[in-house]
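Chemist: If you're matching them up, the sequences are chains A and B in order. Going by our numbering, the first sequence opens with residue 1, and the numbers climb by one from there. Going by our numbering, the second sequence opens with residue 1, and the numbers climb by one from there.
Everything labelled a hint here was simulated from the structure, so no lab data went into it. Careful, some of the hints might be misleading.
Claimed, not checked - Below, a list of computed lysine to aspartate or glutamate pairs in the EDC-like style, where the Cα atoms sit at most 20 Å apart: (1) A/LYS260 / A/GLU82; (2) A/LYS79 / A/ASP61; (3) A/LYS62 / A/GLU82; (4) A/LYS79 / A/ASP269; (5) A/LYS150 / B/ASP32; (6) B/LYS33 / A/GLU75; (7) B/LYS33 / A/GLU200; (8) A/LYS211 / B/ASP73; (9) A/LYS62 / A/GLU200; (10) A/LYS57 / A/GLU75.
Remember, predicted model here, so these are calculated numbers, not experimental data.
In case you want the letters, here they are:
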Amino acid sequence: MSSNTLVTPDHIADPIPVETRGRAKRRHGGTHLILIALAVMWLIPLLWTLYTALRPKAETDKYGYFSVGGAYNFENFSKAWEQAGLGTYFVNSVIITVPTVLLTLLFASMMAFAVSRFSWRFNVTLLIMFTAGNLLPPQVLAAPLFSIFKFVPLPLSISDSGNFLNTYYSVIMVNTAFQIGFCTFVLSNYMKALPHELTEAALVDGAGVWKQYYSIVMPLCRPALAALGTLEVIFIYNEFFWPLLFIQSGSRLPITTGIKNLQGQFLNDYNLIAAGATFTIIPTLIIYIMLQRHFVAGLTLGASKG
Amino acid sequence: MSTQVASPAAASRAKQPAPRRGGGSHKLSAGDKGVLAVMVGIPTLIQLILVWIPMVLSIALSFTKWNALALSDIKPAGLSNYDFVLNNYPPFWPAVEHNIIWLLFLAVVATPLGLFLAVLLDQNIRGSRFYQSVFFTPVMLSLPLIAIIWQLMYARNEGLINNVLGTANGPNAVDWFGDSSINLWAALIAATWRHAGYIMVLYLAGLKGIDPSLREAAAIDGASSGQTFFRVVFPSMRPINIVVVVITIIEALRAFDIVYIINRGTNGLELIGALVVQNLVGEGQVIGVGSALAVMLLVVSLVPITFYLARTFRRGD
Numbered sequence: 001m002s003s004n005t006l007v008t009p010d011h012i013a014d015p016i017p018v019e020t021r022g023r024a025k026r027r028h029g030g031t032h033l034i035l036i037a038l039a040v041m042w043l044i045p046l047l048w049t050l051y052t053a054l055r056p057k058a059e060t061d062k063y064g065y066f067s068v069g070g071a072y073n074f075e076n077f078s079k080a081w082e083q084a085g086l087g088t089y090f091v092n093s094v095i096i097t098v099p100t101v102l103l104t105l106l107f108a109s110m111m112a113f114a115v116s117r118f119s120w121r122f123n124v125t126l127l128i129m130f131t132a133g134n135l136l137p138p139q140v141l142a143a144p145l146f147s148i149f150k151f152v153p154l155p156l157s158i159s160d161s162g163n164f165l166n167t168y169y170s171v172i173m174v175n176t177a178f179q180i181g182f183c184t185f186v187l188s189n190y191m192k193a194l195p196h197e198l199t200e201a202a203l204v205d206g207a208g209v210w211k212q213y214y215s216i217v218m219p220l221c222r223p224a225l226a227a228l229g230t231l232e233v234i235f236i237y238n239e240f241f242w243p244l245l246f247i248q249s250g251s252r253l254p255i256t257t258g259i260k261n262l263q264g265q266f267l268n269d270y271n272l273i274a275a276g277a278t279f280t281i282i283p284t285l286i287i288y289i290m291l292q293r294h295f296v297a298g299l300t301l302g303a304s305k306g
Numbered sequence: 001m002s003t004q005v006a007s008p009a010a011a012s013r014a015k016q017p018a019p020r021r022g023g024g025s026h027k028l029s030a031g032d033k034g035v036l037a038v039m040v041g042i043p044t045l046i047q048l049i050l051v052w053i054p055m056v057l058s059i060a061l062s063f064t065k066w067n068a069l070a071l072s073d074i075k076p077a078g079l080s081n082y083d084f085v086l087n088n089y090p091p092f093w094p095a096v097e098h099n100i101i102w103l104l105f106l107a108v109v110a111t112p113l114g115l116f117l118a119v120l121l122d123q124n125i126r127g128s129r130f131y132q133s134v135f136f137t138p139v140m141l142s143l144p145l146i147a148i149i150w151q152l153m154y155a156r157n158e159g160l161i162n163n164v165l166g167t168a169n170g171p172n173a174v175d176w177f178g179d180s181s182i183n184l185w186a187a188l189i190a191a192t193w194r195h196a197g198y199i200m201v202l203y204l205a206g207l208k209g210i211d212p213s214l215r216e217a218a219a220i221d222g223a224s225s226g227q228t229f230f231r232v233v234f235p236s237m238r239p240i241n242i243v244v245v246v247i248t249i250i251e252a253l254r255a256f257d258i259v260y261i262i263n264r265g266t267n268g269l270e271l272i273g274a275l276v277v278q279n280l281v282g283e284g285q286v287i288g289v290g291s292a293l294a295v296m297l298l299v300v301s302l303v304p305i306t307f308y309l310a311r312t313f314r315r316g317d
């Protein structure tokens with residue numbers, strides 16, 4: 001996080017007078033105590049989940065959940081994977097997440113380019129409308145979207161329900177529409193900060209609008225696109241609401257919505273529930289470890305200079 | 001869905017040089033104008049069909065009676081859905097109360113906790129990165145997953161908390177998510193676990209962006225560190241503060257996922273967002289009632305949204 005390039009570097013020198021610094025030092029001892037206490041509190045739920053998942057049900061029944069006795073193994077993981085059909089859920093998550101993120105970045109970057117590099121009559125109005133749409137609670141749109149998807153027919157060769165319900169399309173479309181607003185806003189701020197001479201020179205050289213977008217502006221937006229892309233992958237992967245509303249068949253649910261069934265399936269087998277939960281953390285954790293810098297940059301993107 | 005609020009977006013236009021609008025549209029060829037029209041047209045059409053029109057339809061549906069079976073069944077109903085929700089729908093007022101509690105809890109506990117974490121971590125202390133990663137991890141997790149993880153903490157006999165309290169497997173075991181007098185607070189703790197880390201990240205960026213000379217000047221003037229923070233540092237983070245206020249309000253209005261996983265938003269966990277879904281999903285769909293609830297949510301949401309947009313886009317461009 002400290003390497004977040006979008007944020008101004010801090011603490012260039014330490015100009016604070018010596019006595020104050022002494023006080024600051026002493027305070028740091030207390031700071032560490034508070035931070036350690038809070039960090040432990042923050043980690044306990046995660047560690048408890050992992051710990052419960054690693055113990056077979058028979059052992060926890062015998063020794064109790066709050067104990068150290070008995071065997072530890074990965075039995076719960078293989079059982080949870082098979083019984084809950086987690087593999088299918090994960091595939092569905094990929095089917096939904098990848099096109100959504102690509103479409104969102106494509107459409108948002110086109111819109112952002114048009115509103116930030118050219119001035120025309122309603123560009124700011126549209127940008128405001130886009131941003132507003134993203135901030136609405138999704139429940140506001142739930143009933144009409146559900147009805148539209150139910151009553152707009154699709155050929156049976158594309159959708160076995162004959163309409164948009166129970167399809168990946170519905171979830172991809174709505175997720176894309178919902179995310180375009182936010183991404184357009186962030187990207188337009190970013191593009192506005194690029195020097196105008198760049199595209200002007202290209203214009204003089206006879207480059208058309210599409211060439212300016214594709215060959216000049218987009219490559220310069222790579223840091224912002226990487227940050228937004230990472231952020232959006234996590235957002236869409238974590239999205240619960242739209243699949244809940246549009247997809248009835250369990251075999252098409254993405255993992256985040258699918259895990260609502262864990263409790264029903266495993267009743268009170270908390271060891272299996274814990275194993276299932278641990279599985280769903282893994283992809284996020286991998287992305288977090290690999291792309292943490294981009295994710296944090298994405299979250300704070302607009303908040304700094306943009 | 002609460003993650004979506006992420007428009008931590010900016011607000012700080014004032015600092016940007018006004019863009020020079022070179023290449024004014026009069027210089028564009030017809031072909032270029034066509035390309036631009038497509039680049040604007042497609043995203044706008046998507047927004048129109050999937051966001052703006054449904055928003056208007058939501059308002060329209062709230063004045064109808066409909067079970068979602070066939071389009072021809074839609075009957076005008078006047079204000080009867082609103083009348084029903086306000087006067088004859090038992091979960092409504094508890095839900096309003098719970099949404100308000102949710103907002104107050106985030107505003108008084110979770111958001112300040114995030115700010116507190118950011119201030120502690122901004123002091124260049126050893127292990128800062130590790131702590132940041134710890135507090136930030138729940139921000140990466142989905143809200144349903146957070147509900148499940150906390151269910152493992154809260155369960156009567158199997159949960160860690162009852163076991164630590166020594167009440168597990170006994171008559172005094174606390175059913176944290178099941179007991180309607182405490183489950184809202186239990187859910188709020190789970191929500192705080194995530195919210196505080198999110199706010200922390202925003203404020204860490206804000207604190208790093210503060211001109212060090214501000215603190216120097218305050219220190220030279222003999223301000224204590226408390227005074228420096230509250231009188232100098234905090235007010236100078238105004239753009240971030242606005243974003244954080246808006247995010248906190250919108251998160252409270254959107255609150256849904258955690259309670260829906262626990263018990264679909266019933267028995268002490270009623271929230272407006274969950275009531276909307278209860279009326280739309282499953283058998284006995286009551287679209288009109290669900291829409292009336294959605295419209296109330298919309299009207300309230302427009303307050304922070306308008307405030308935010310007015311602030312952000314004020315410097316006319």
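Chemist: Are the Cα atoms of A/LYS57 and A/GLU75 separated by 20 Å or less?
Modeler: holds (10 Å)
Chemist: Does A/LYS260 pair with A/GLU82 here, judged by a C-alpha cut-off of 20 Å?
Modeler: Between A/LYS260 and A/GLU82 the Cα gap is close to 16 Å, so the pair holds against 20 Å.
Chemist: Decide if the proposed pair is consistent with the structure: B/LYS33 and A/GLU75, CA atoms, cutoff 20 Å inclusive.
Modeler: Violated: B/LYS33 and A/GLU75 sit about 62 Å apart, past 20 Å.
Chemist: Measure nothing beyond the straight line between the CA atoms of A/LYS79 and A/ASP61; if it is 20 Å or shorter, mark the hint as holding.
Modeler: holds (17 Å)
Chemist: Hey, A/LYS62 versus A/GLU82, does the alpha-carbon distance stay inside 20 Å?
Modeler: Outside the cut-off at roughly 25 Å; violated.
Chemist: Is the Cα-Cα distance between B/LYS33 and A/GLU200 20 Å or less?
Modeler: holds (16 Å)
Chemist: Need the status of pair A/LYS79, A/ASP269: alpha-carbon distance at most 20 Å?
Modeler: It holds: about 11 Å lies between the C-alpha atoms, which stays within 20 Å.
Chemist: Measure nothing beyond the straight line between the CA atoms of A/LYS62 and A/GLU200; if it is 20 Å or shorter, mark the hint as holding.
Modeler: The given pair, whose Cα atoms are some 75 Å apart, is violated under the 20 Å limit.
Chemist: Can the restraint linking A/LYS211 and B/ASP73 be considered satisfied, given a maximum Cα separation of 20 Å?
Modeler: Violated, at roughly 51 Å.
Chemist: If you draw a straight line from the CA of A/LYS150 to the CA of B/ASP32, is it 20 Å or shorter?
Modeler: Given pair A/LYS150, B/ASP32 is violated - Cα atoms ~38 Å apart, limit 20 Å.
Hints 3, 5, 6, 8, 9 from the earlier list are contradicted by this structure; the remaining hints agree with it.
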